[in-house]
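Asker: In case you want the letters, here they are:
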Amino acid sequence: MHPEKTKHAFEPKIIAFVCTWCTYAGADLAGTSRMQYPANVRVLKFPCTGRIDPVFILKAFQQGADGVLVSGCHPGDCHYIAGNFHARRRFAAFRKLLEFVGVDLGRLQFSWVSAAEGGKWVEMVTGLTERVRLMGPMQEFKELALEEQWSGAINTPELQEAYNSI
Amino acid sequence: MHDNPIDTSIYAAVTEAIQGEARRILSEGHVAAVVGYAAARRKGSAQPVVVTRADDAGKLIFSAACVNNLAVYLTKARKEIPKSGKIGIVVKGCDLKALVGLMGESQLKREELYLIGVPCAGVLASTIQPDTALTAGTIAPKCRECDAHLPTGCDFVPARQPVTPELEKHYSAEIARLEAMTPAERWAYWKGQFKKCIKCYACRQVCPFCFCEQCLCDRNKPQMVETTPRPAGNFAWHIVRAMHLAGRCAGCAECERVCPMDIPLNLLNRKMAKELKELYDYEAGFEVREKGPLATYDEKDDQSFIK
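Chain order of the listed sequences is A and B.
Counting from 1, one number per residue, gives the positions in the first sequence under the working numbering.
Counting from 167, one number per residue, gives the positions in the second sequence under the working numbering.
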């Protein structure tokens, strides 16, 4: 029954921050309807998109995510009345900040997926996975994490001399 | 061009007016203390001072070396100021914006403060040489694009009009320069800047808006931001800092001034201010608003970035 799987050189790691009332139920619907979508996505369930702190996205990238998806209820459908409205403003600001420090916004996707939109969830996940696959691994944050440093980089002749003599 | 002097002749009259007003409110018992600037040991330098006796009002000054944003003493160091009675405070326009922001966040009450506004033509970028004359070259970058030379809504403002020549804008030019770069170039630029960070947290300490009892960045369960001065933790700290100040920062640029590693911190804050102005038409000003742009919402907000 399963369609033939294509082998890829690079399997991106996608982290999805979803709200429990809409998108999680939507993803559940996609599952119970036996729709196929890439297994690259790791779903993290939150009470509401309003609970998703921008620092979570940062942390995801630092811990090795190649793409991040944030998804919740459509405006007006929030279980907590206005959580997604607040989140919308916060993420509008946050993505501008990430863009300014040089993160490619192609790796960050925001969407509204309701509990009835299993198809849209599949579309979102597939779209982001394929896009990130083309972009390749997210190197920037991984390199940062691997980089040890001494804040006073050796940039004076005296220090360089002392360093060489060790 | 850079040596063009900036007229600070009003500062002598302003100093006198501040002293007179401080003496009056202290002797008449309107306030318990006045937070202001006093001359420090080195010639031309200034330091923050808390004056509690009318006799000491003569200590107060205002000069181009009065760079500090005194609003910080009313939030974090509040315990060091007598709790009883009103507090008088000397504020420049930029400092007043911070105070207004704090009032909006219910950290301060207007009726507990006696505001002595300062007509300000600008202050020095650096006080390493406090006796330097204020010129187009030595003026602080924030003063180059200041729109608050004359504070409004204060209890007392000396009736002087500062002369404010049109100067080349620093932050706007820098933001435009960075925005024109590719993401990879911007990343390299900020990586180079954040690499210098030694995590001394001077920027947090001096910021009037960083008043959380426990900072998210100090927590270790869960640890959201690595605390060691390594590139990963530095990057996260500066992004979190900029994000937490988005829509709140009043642009006093104290973070940038105190940074021992000369990281252009205010550049991030100004960028966020610019974006929030474009998105939600919000700007830090002299009017107390109950909620900042990120604490409120509109059902018709732009969502073109959300699929």
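Warning: the hint list may mix true and false statements.
Just some of the chain B residues that point at chain A, by a computed CB distance under 7 Å [said to hold, decoys possible]: (1) Q389; (2) M390; (3) D467; (4) I472; (5) K473.
Please keep in mind that the hints were generated in silico from the structure rather than gathered at the bench.
C-beta: ideal position from N, C-alpha, C; glycine also.
Asker: Please check whether I472 of chain B passes as an interface residue: C-beta within 7 Å of a C-beta belonging to chain A.
Answerer: 4 Å, holds
Asker: Once the shortest beta carbon distance from Q389 of chain B to chain A is found, is it less than 7 Å?
Answerer: The hint is violated - Q389 of chain B has no Cβ within 7 Å of chain A, the shortest such distance being about 9 Å.
Asker: Have a go at the D467 of chain B hint: is there a Cβ in chain A nearer than 7 Å to its own Cβ?
Answerer: Result: holds, 6 Å to nearest chain A Cβ.
Asker: Interface hint check: M390 of chain B, Cβ to nearest Cβ on chain A, cutoff 7 Å. Holds or violated?
Answerer: 5 Å, holds
Asker: Taking the closest Cβ pair, is K473 of chain B under 7 Å from chain A?
Answerer: 4 Å, holds
Consistency note: the structure conflicts with earlier hint 1 alone.
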